[in-house]
Amino acid sequence: MKTKLDAIRECLESVIPGTIATASPQGVPNVAYLSQVQFIDSEHIALSYQFFNKTRQNLMANPHAMLSLINPLSGAQYRLSIEYLRTEIAGPLFASMKAKLAGIASHTGMGGVFRLLGADVFRVHDIERVPGETVQPPPAQHNLLAALRAASERLRSCCDLERLLAETLACLEQLFGIRYTMILMFDAPSERLYTVASRGYEASGVGSEIPLGHGVIGVAAQERTPIRISHMNAEYSYSRAIRESASRSDWAHALDTEIPLPGLRESRSQLAVPVTAAERLLGVLYVESPHDLRFTYDDEDALVTLAAQLGMAAQLLQNAADAGEDAPAVQPAATPVGGMPLTVRHYRENGSVFLDDDYLIKGVAGSIFWTLLREYADKSRTEFTNRELRLDSRLRLPDISDNLEARLILLSRRLTERGAAIRIEKTGRGRFRLCVDRPLQLREG
Amino acid sequence: MPPAPAPLIDASHVAFIQGAVGISVAACDRSGKPALVRAIGCHVTEDRPLVTIYLSAIQAAQLLGCVRDNGAVAVVFSEPSTHRTVQLKGAGAIVDGLLEGEWECVQAYREAFVRELAPLGFDPVMVRTLLSHRQADIVALRFVPSEAYSQTPGPQAGAPLKAGT
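Chains S and W are the protein sequences, given in the same order.
Heads up: the first sequence begins at 1 in my numbering, then just goes up one per residue.
Heads up: the second sequence begins at 1 in my numbering, then just goes up one per residue.
It is worth saying that the hints were derived from the structure and are not from the lab.
Think of the CB as a built atom: it goes at the ideal place given N, C-alpha and C, for glycine as much as any other residue.
It is possible that some hints are incorrect.
Stated by the list, open to error - Calculated cross-link-like contacts (lysine to aspartate or glutamate; reagent style EDC-like; alpha-carbon spacing at most 16 Å):
#1 Lys2(S) to Asp160(S)
#2 Lys426(S) to Glu128(S)
#3 Lys33(W) to Asp322(S)
#4 Lys33(W) to Asp160(S)
#5 Lys426(S) to Asp358(S)
#6 Lys33(W) to Glu383(S)
#7 Lys426(S) to Asp356(S)
#8 Lys2(S) to Asp126(S)
#9 Lys379(S) to Asp322(S)
Stated by the list, open to error - Here are some of the chain S residues that sit facing chain W, going by a computed Cβ distance under 8 Å:
#10 Ser68
#11 Thr276
#12 Ala278
#13 Glu279
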């Protein structure tokens with residue numbers, strides 16, 4: 001039976017480097033080591049083009065090459081007859097390989113040396129198993145398909161977005177053994193991703209942001225492609241240094257409105273998977289580990305599949321929340337509360353809100369919060385619906401694509417984490433209540 | 001009598017390619033299709049720049065056919081711990097049986113390579129298995145290098161080999 005490339009793809013990122021043989025038109029062979037082999041599908045691979053060397057010179061004149069790969073666990077050797085097709089210098093494949101190569105480079109002490117000029121795409125014509133002894137690889141620690149099925153069943157039973165997000169991260173830990181995880185949602189107008197749920201970190205980091213195109217998460221979102229790094233270290237330019245974005249903040253006041261992004265200090269393996277619904281980017285599912293080589297091609301497949309379900313479910317729940325009750329439940333007007341007044345300050349230019357000079361939130365979530373507080377102060381209202389928020393022109397919500405439910409989750413989590421005297425409680429599908437424990441003084445900044 | 005050309009490889013290169021390095025050999029057929037095989041040791045004959053590479057005849061069947069046909073070979077040597085890499089090319093290579101002492105050379109190479117890889121986290125059992133062959137299956141590929149290149153990763157990769165690199 002003919003071996004398919006997908007059956008041996010663990011050899012493609014083996015710690016034992018592969019080799020490539022090419023030949024000049026004059027019949028002079030050449031042999032070289034490979035830094036990166038990327039699986040595309042069962043008939044195609046890509047190799048990194050970093051320098052114009054003899055291999056590349058030969059390939060431009062004679063597209064036939066042979067690749068030798070070794071399974072790092074069993075020692076099984078394979079030879080692939082391949083043919084050069086084209087070079088990609090932009091797009092998802094290029095971005096994914098570039099990010100990976102930077103990880104390989106830093107791992108091998110080649111940080112300043114490796115730079116991706118292109119992704120050379122090859123057709124795989126034949127795969128030959130080289131005769132030879134092998135060792136029995138250790139058994140797998142768990143079955144990813146079984147974990148995926150169990151996770152899928154658990155996600156299916158989630159009835160609101162907050163539960164869906166929390167359950168996704170719980171499944172990753174309990175079924176996949178991945179301890180450090182987060183979900184970021186995409187804010188299209190600002191081209192930023194904001195953390196809406198995380199698990200495993202000391203601080204949740206909910207509300208922290210990363211610009212599109214920055215770091216592993218930002219590149220995965222921008223290119224709509226999963227990015228998986230097996231060797232990571234601090235000098236790596238793709239590290240998710242969020243502080244950088246602080247210097248680009250454009251509002252005038254000096255108060256710190258940056259929430260640190262959660263993340264492992266000693267992250268060695270990372271995987272960022274875009275979450276989409278009907279081709280639209282909703283956000284990114286991100287996982288990491290303090291161990292090298294933690295995430296395999298199979299993990300990537302499992303998480304991409306899980307992210308697809310997460311995207312569809314999030315979209316359905318969002319629509320359901322929007323289609324909820326037209327009017328809030330009739331409730332008595334807010335009862336007056338006593339105690340020290342809480343000063344809430346709002347800056348219109350970026351929607352940022354401060355509670356007694358402590359930063360709470362900004363952007364659309366900040367504008368939503370301010371609108372709720374104004375309704376509370378002016379009309380003593382405490383009961384609200386998603387639907388009326390969406391119709392409120394003061395919020396300037398861009399369109400249906402703006403994830404209102406996710407922003408309410410973000411706002412609710414921030415209020416809880418800050419231990420504020422204000423809370424948001426869900427009262428039903430697409431409905432919630434504003435709970436205020438102290439008198440409020442609202443100030444426009 | 002014209003002076004003898006400077007040797008392509010010096011004593012340090014000879015020591016390097018006979019050491020605990022990964023070795024792969026390429027050849028190609030008349031249609032330009034390359035063949036490739038992992039080797040299991042190298043020996044350089046003293047006083048003569050004759051390089052011998054040891055191969056499994058079963059694994060190298062296609063490559064040996066190419067070599068018998070046109071004699072052109074390329075061999076890459078790389079040290080896993082340093083990435084130091086050298087490529088030699090030759091024409092007129094021949095396929096030969098093992099001479100006395102050469103089987104011991106193959107066994108010594110295997111053990112040296114297992115030792116080199118162990119600190120890098122490679123399972124010694126796997127590496128030893130990868131390089132295990134029956135003595136009757138081993139053939140010698142002998143050639144005089146006509147070209148030599150440094151292929152250590154980086155912008156200088158592919159430059160002609162210089163002494164001490």
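Evaluation of the provided hints:
A hinted pair counts as satisfied when its Cα atoms are at most 16 Å apart, and Lys2(S) with Asp160(S) does not qualify at roughly 47 Å. Between the alpha carbons of Lys426(S) and Glu128(S) the distance comes to roughly 60 Å, so the proposed pair goes past 16 Å and is violated. About 62 Å separates the Cα atoms of Lys33(W) and Asp322(S), which puts this hinted pair outside 16 Å; it is violated. A distance of roughly 59 Å separates the Cα atoms of Lys33(W) and Asp160(S); the hinted pair therefore is violated under the 16 Å criterion.
Restraint check for Lys426(S) and Asp358(S): not satisfied, since their Cα atoms lie roughly 25 Å apart, outside the 16 Å limit. A C-alpha spacing of about 75 Å is found between Lys33(W) and Glu383(S), which places the hinted pair above 16 Å, so the restraint is violated. Of the pairs offered as hints, the one joining Lys426(S) and Asp356(S) is violated, with about 25 Å between alpha carbons and a cut-off of 16 Å exceeded. With a CA separation close to 8 Å, the supplied pair Lys2(S) and Asp126(S) stays within the 16 Å bound.
For the proposed pair Lys379(S) and Asp322(S), the alpha carbon gap of about 23 Å is over 16 Å, so the pair is violated. Interface hint status for Ser68(S): upheld, as the beta-carbon distance to the closest one in chain W is roughly 5 Å, under 8 Å. Taken as an interface hint, Thr276(S) does not check out: its beta carbon lies about 37 Å from the nearest beta carbon of chain W, beyond 8 Å. Because the smallest distance between the Cβ of Ala278(S) and any Cβ of chain W comes to about 43 Å, over 8 Å, the interface hint for this residue is violated.
Violation of the interface hint for Glu279(S) is found here, the shortest Cβ-Cβ separation to chain W being roughly 39 Å, above the 8 Å cut-off.
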